[in-house]
Amino acid sequence: MLTGSEIEDGLEDAMRHPDPVIDIAKLSLTFQTNDGPVHALSDIDLAIEPGDFVSFIGPSGCGKTTLLRVIADLERPTAGSITVNGVSPEQARLNRAYGYVFQAAALYPWRSIAKNVALPLEIMGLSRAEQDARIKKNLELVNLAGFEKKYPWQLSGGMQQRASIARALAVEPNLLLMDEPFGALDEIVRDHLNDQLHQLWAKTNKTVVFVTHSIPEAVYLSTKIVVLCPRPGRVYDVIDSTLPRERTLDMRESEEFLKIAHRVREGLKAGHAYDD
Amino acid sequence: MTASKPTRPAFGTPAALASGIILCIAGALFSTAIAGDVAILNTPTLAAAFGVLAILAIPYAARRPAHPFLDLIFGALTGVCAGLLVPVAHAHAGDARFGFWALVIGFWLASWLFVDRMAAWKPGNPGLVRAVNLLIPVLFGATLLMIWELLVKGFGVPKVLLPAPSEIWVRITVSTAILWADFQQTFLKAVLIGYALGCGSAFLIAIAIDRVPFLRRGLLPIGNLVSALPIIGVAPIMVMWFGFDWPSKAAVVIIMTFFPMLVNTVSGLAAADAMQKDLMRTYAAGYWQTLFKLRLPMAMPFIFNALKINSTLALIGAIVAEFFGTPIVGMGFRISTEVGRMNVDMVWAEIAMAALAGSLFYGAIALLERAVTFWHPSTRGGRA
Amino acid sequence: MTDISLSSSPRGTSPFTGLMSGTTGPVAVVVLAIFAIWYVAAVGLNAPFQQELFERAGRADVPMNEFVAATLAQDRPVLPAPHQVFIEIYETTVEKNITSKRSLIYHSGITLSSTLLGFLLGTALGILLAVGIVHSRVLDKSLMPWVITSQTIPILAIAPMIIVVLNAVGISGLLPKAMISTYLAFFPVTVGMVKGLRSPDIIHMDLMHTYSATRLQTFLKLRLPYAVPYLFTSMKIGMAASLVGAIVGELPTGAVAGLGARLLAGSYYGQTVQIWSALLMAAFLAGSLVALIGVMEKITLKRMGMAR
Numbered sequence: 001m002l003t004g005s006e007i008e009d010g011l012e013d014a015m016r017h018p019d020p021v022i023d024i025a026k027l028s029l030t031f032q033t034n035d036g037p038v039h040a041l042s043d044i045d046l047a048i049e050p051g052d053f054v055s056f057i058g059p060s061g062c063g064k065t066t067l068l069r070v071i072a073d074l075e076r077p078t079a080g081s082i083t084v085n086g087v088s089p090e091q092a093r094l095n096r097a098y099g100y101v102f103q104a105a106a107l108y109p110w111r112s113i114a115k116n117v118a119l120p121l122e123i124m125g126l127s128r129a130e131q132d133a134r135i136k137k138n139l140e141l142v143n144l145a146g147f148e149k150k151y152p153w154q155l156s157g158g159m160q161q162r163a164s165i166a167r168a169l170a171v172e173p174n175l176l177l178m179d180e181p182f183g184a185l186d187e188i189v190r191d192h193l194n195d196q197l198h199q200l201w202a203k204t205n206k207t208v209v210f211v212t213h214s215i216p217e218a219v220y221l222s223t224k225i226v227v228l229c230p231r232p233g234r235v236y237d238v239i240d241s242t243l244p245r246e247r248t249l250d251m252r253e254s255e256e257f258l259k260i261a262h263r264v265r266e267g268l269k270a271g272h273a274y275d276d
Numbered sequence: 001m002t003a004s005k006p007t008r009p010a011f012g013t014p015a016a017l018a019s020g021i022i023l024c025i026a027g028a029l030f031s032t033a034i035a036g037d038v039a040i041l042n043t044p045t046l047a048a049a050f051g052v053l054a055i056l057a058i059p060y061a062a063r064r065p066a067h068p069f070l071d072l073i074f075g076a077l078t079g080v081c082a083g084l085l086v087p088v089a090h091a092h093a094g095d096a097r098f099g100f101w102a103l104v105i106g107f108w109l110a111s112w113l114f115v116d117r118m119a120a121w122k123p124g125n126p127g128l129v130r131a132v133n134l135l136i137p138v139l140f141g142a143t144l145l146m147i148w149e150l151l152v153k154g155f156g157v158p159k160v161l162l163p164a165p166s167e168i169w170v171r172i173t174v175s176t177a178i179l180w181a182d183f184q185q186t187f188l189k190a191v192l193i194g195y196a197l198g199c200g201s202a203f204l205i206a207i208a209i210d211r212v213p214f215l216r217r218g219l220l221p222i223g224n225l226v227s228a229l230p231i232i233g234v235a236p237i238m239v240m241w242f243g244f245d246w247p248s249k250a251a252v253v254i255i256m257t258f259f260p261m262l263v264n265t266v267s268g269l270a271a272a273d274a275m276q277k278d279l280m281r282t283y284a285a286g287y288w289q290t291l292f293k294l295r296l297p298m299a300m301p302f303i304f305n306a307l308k309i310n311s312t313l314a315l316i317g318a319i320v321a322e323f324f325g326t327p328i329v330g331m332g333f334r335i336s337t338e339v340g341r342m343n344v345d346m347v348w349a350e351i352a353m354a355a356l357a358g359s360l361f362y363g364a365i366a367l368l369e370r371a372v373t374f375w376h377p378s379t380r381g382g383r384a
Numbered sequence: 001m002t003d004i005s006l007s008s009s010p011r012g013t014s015p016f017t018g019l020m021s022g023t024t025g026p027v028a029v030v031v032l033a034i035f036a037i038w039y040v041a042a043v044g045l046n047a048p049f050q051q052e053l054f055e056r057a058g059r060a061d062v063p064m065n066e067f068v069a070a071t072l073a074q075d076r077p078v079l080p081a082p083h084q085v086f087i088e089i090y091e092t093t094v095e096k097n098i099t100s101k102r103s104l105i106y107h108s109g110i111t112l113s114s115t116l117l118g119f120l121l122g123t124a125l126g127i128l129l130a131v132g133i134v135h136s137r138v139l140d141k142s143l144m145p146w147v148i149t150s151q152t153i154p155i156l157a158i159a160p161m162i163i164v165v166l167n168a169v170g171i172s173g174l175l176p177k178a179m180i181s182t183y184l185a186f187f188p189v190t191v192g193m194v195k196g197l198r199s200p201d202i203i204h205m206d207l208m209h210t211y212s213a214t215r216l217q218t219f220l221k222l223r224l225p226y227a228v229p230y231l232f233t234s235m236k237i238g239m240a241a242s243l244v245g246a247i248v249g250e251l252p253t254g255a256v257a258g259l260g261a262r263l264l265a266g267s268y269y270g271q272t273v274q275i276w277s278a279l280l281m282a283a284f285l286a287g288s289l290v291a292l293i294g295v296m297e298k299i300t301l302k303r304m305g306m307a308r
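Residue numbers (UniProt numbering), protein chains in the order written: chain A, 1 to 276; chain B, 1 to 384; chain C, 1 to 308.
A couple of the hints might just be wrong.
[To be verified] Partial chain B-side listing against chain A, Cβ under 10 Å, derived:
id : residue
1  : Y287
2  : T290
3  : K293
The set of hints was computed from the structure by calculation and includes no laboratory data. By construction, the Cβ of each residue, glycine as well, lies at the ideal position given by its N, Cα and C atoms.
Here chain A stands alone, though its shape is the one from the complex (with noise of 0.2 Å):
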């Protein structure tokens, strides 16, 4: 196992020489199901660098969220290669080099938010005075302070979903994978959170795949679009975003904000044209 300095080193060369974080090529998947073969994944081609944050957008069904499982050592898949860190999803995994936010927050109702945030810890097994620490510093990070004592069902959806991403953060990753953290949110909620988010990533430095149907979001957090379509789930484009690192929510108004929704809107909809 990498210890923390060295995982530094490497990120530091990586740097320099820009190594991609995710290498995908050719990668295929396909499920079997009673109704024959469904192919969820087919020919994708993608390299995410180091700081990217890269989000997957695509109409339901075209992949996105079985790609992000796929890095994550959650589906294994049929064809092609994958690696994480320059390592096989599943080293990854074993070397917890990512933090996975799901969906829905996922905390468990019996430990407290300090608690909740300390499972992954315990699990790797690290010290108590370690774990302290981690959870102060990461429930800072997303303005959860004072609330480690509560229990999840006290608090609300998007404090519940700031907890997860705490816990995320607590295993100290240099990837984050997100799927859809804000979609069960409300607009007002999720706009409070991406900002957040935003600001998150550009502290920390970290890699962030980020999976949503929501485009003004993608094209608010990400520096790489990369547009899926369905039946089968392929990449049909991969947008670099000319906006500067530095977001405000403002810049939603932009002309140049509103060019790229353009491009993946027309993205989306010709991927939904194909199978029309």
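Dock chains B and C against the given chain A, drawing on the hints supplied.
For chains B and C alone, kept in the frame of chain A given last:
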């Protein structure tokens, strides 16, 4: 319920009850209460108490909105009246006539009215709400006991058929040594040991078969079927195999408690949803870590469900198994022999103790459940 | 999803793997295993007595196969072998006249009749109580806690007394036993029906309210249909409990008739084969009664359009 509020409440249950109370008491005061032309008026305190009760009932009958304070006075007086009625019933067992029965009905209606009023109270303090919610069933039970007492005494029902609660209480107080010995034999030995072994082994086996999906699929339908079978029937076999003393009863208890626990634990271990299992996978958590940190806590509501069902089954199993042969001690043994000797009050004493032990056992597990599954929506009374 | 994609072997390649991935295959295997264990246990448990028998007969070295065969053919074995029990059941059902006191069908019929009577009374009482509890705050607050408490009381302990006392006042036969069954059956039905009658969503209750439906209309058109699935589930539990009540109710009457009486008589005279056959018969009865309710449930839910 949502109709616009009239100045006076409609002629509903309380008014009807109150009118009934007034009628009953008025009728009782001017008729024969006890055989031999004895009237209620011959016992002045009783007559006075019921008279005041009738007067207090007037506002309810007249549909004047009552104050909780008046309700309380009314309830207390109802209790006093019942207390005064019991000695009369004891002194003239079997001689009750119309007047006496009218008072019994009056008491019953008054108690009903009081409970009805209490159910309508809206205390703001949550502690008070809990106290009222506890008091209502207690009063209901006390009323039932009181009516049982008055009916048995009033009609002069022979003790061999149905003893009065007071007679059962006397029997309990004079037979504490026997009751304690029976309790030790049946509850402390057969029930507790059988319960612990049955639930414990089923729990461990459930965890073991959970790792083998084939066994899980094969055993779960059979476990469900067996849970519906009259397993109590193995009692004679267990008595033959393990002898007359408590081990054979504990064996029956083990078999009876095994399958509910097995089925519930296996279903509980499957209760964790896919997302939560994926979460543990992203942490590269091992089997045991996932078991202890996710699946066992998730299974707790199911496990406690089985523990509660089993607490009743265990007591039933041990008592019924004793019907098939015991040394000369034990609750089931006592019940079957005293029934034969027509000592029905002793039987009721045993049943009262079994009921108390059963309720306390169940209550203890329910308390433990509240502490362990405090997070579950059904415990915290909220939505998921 | 995860399981499917992670399993290395493709599924459904042969009919055999298909059978084993359902429930039928595993259940069959487990049932066979139970019989195998039963035979082994029968040999093991009956062996000491058989050894004694052979020693008394002066035969020191009996061949293994003869010894095993003998352990499975004892008259009063500690544990009868499955085939002995099945032969006994066959002899006492098919080969005996139904009216004969030695016919298992005759005894099952007696137990069945008090089970069914008690079950019907208990279900009716349970539904009535549930309707009252759902519609009356007073009953909900005063009666419901006692219904719950009544479950924690080992009520079967009263069984012998009810039988004896009712006999003393001249009520005998079916009714006393049925009363015990009633007591055991009413509880699950009450609890299940209260849950079921309260299961309609607030939206649906509000909808009935916008129609200014009466309580009776709300009950018939909304609450009752919602409660039907709950009713069937609790009826299954109630039926199983009724049968237990009927069997235990037959114990104190001096082992006259019924499956409970067969159990008691068997234990008096050490007739283990008779006990086991009565036990299996009771199990069969319970299984078929519960299955019967299951079939009724399927048909009813299908006709109501609630079948999954």
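Worksheet item: Which numbered hints turn out to be false for this structure?
Response: Number 1 only.
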